[in-house]
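Numbering (this note's numbering), first residue to last: -16 to 279.
Hints were generated in silico from the structure; no laboratory data involved.
Since we're looking at a predicted model, the values are computed, not measured.
Fair warning: there could be bad hints in the mix.
What the hints assert, rightly or not - Between beta-carbon pairs, the in silico distance windows are:
hint, residue 1, residue 2, range
1, Gln144, Pro204, 42 to 50 Å
2, Pro204, Asp80, 21 to 29 Å
3, Glu86, Ala219, 35 to 43 Å
4, Val246, Ala215, 45 to 53 Å
5, Pro143, Asp222, 21 to 29 Å
6, Leu96, Gly235, 29 to 37 Å
7, Ala215, Phe65, 18 to 26 Å
For every residue, glycine included, the Cβ atom is placed at its ideal position computed from N, Cα and C.
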Amino acid sequence: MRLAVNRGSDAGEASSLAALPGLCCQAAGGDAAEAQVLTAAWLLLYEAAAITDNIEDRDPPADWWAQSGSAAALSVATGLYFSACQALIQLEAALPDLRTAREVRDEMLRRVLEMCSGQHLDLTQPRPTLATYWQVAGAKSGTFFGMAGWAGARLATTDPQTLQGFQEFGVQLGLLIQILDDLKEYQILEQRAHENALDPESLPDLGRSLPAAYVREVAPPDVVARFEQLLAAPTATADAGAQIVQTIERFGGAAYVLAELEVKRLKALEGLESAGARPPARDDLLRLLAAVYPLD
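Using the sequences and the hints, build the whole thing.
Following this line, the structure appears as structure tokens:
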């Protein structure tokens, strides 16, 4: 499963999502300018995690390290991780309240460790059950965006309900991005199977995806066994890709994904409501949510 922040390879989207801590700070009643150092730290973690996850999942390399190789990319990611830690240390100098700076720093580092545990589970469970899928997605994508919402709001308030609401908004935003990534990969397979253009070098691996996890949950054992064979060799026969798509459609995998997208969107809205998010930052957060998951 790719970490949702892999979408950060699009510079425009990375820049848009980087506003999340500052917007949550402002929507909680704080000054967005106080979130600049926090935003820098989160963005550094964002990019470092994307590189690391790309390599660990053996996804195609980004253009900038395709020739130099994964070792060079890992060295960059390591530098980004330590730069993020350095930025978090600078919070003590950037914020007027030392206690707030230390609490935000410690909580963010703790949640990075939680993300690492999710990545380890992902790597050791290449064919996850539905429960494992949600555990991994929550620990990786949900935790990552949830910490941005919580940390931004924490610069402005200590109110538990407000903090929980902004954290929930971030969690659901991260899960939405993860599910949309899975849906995109399913649609790629669906299109290529329809066109009979399955390229094993660029074909997405749906084994860790939400549609596949759902099929494992609801289909009979014999169907699941055949499904796993197809996933392991989607180009072995001319119709293998089509059979994967047909199995997912037959057991409602695509419909389940669409339903979960709407559930996560509504939970994100509930988080903002519970937090008492203030305009105009509240409106910006709603626009960010709509940009991630447009309804039309």
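Checklist entry - Honestly, which of those hints from before does the structure not fit? => result Per hint list: 2, 3, 4, 5 and 7 violated.
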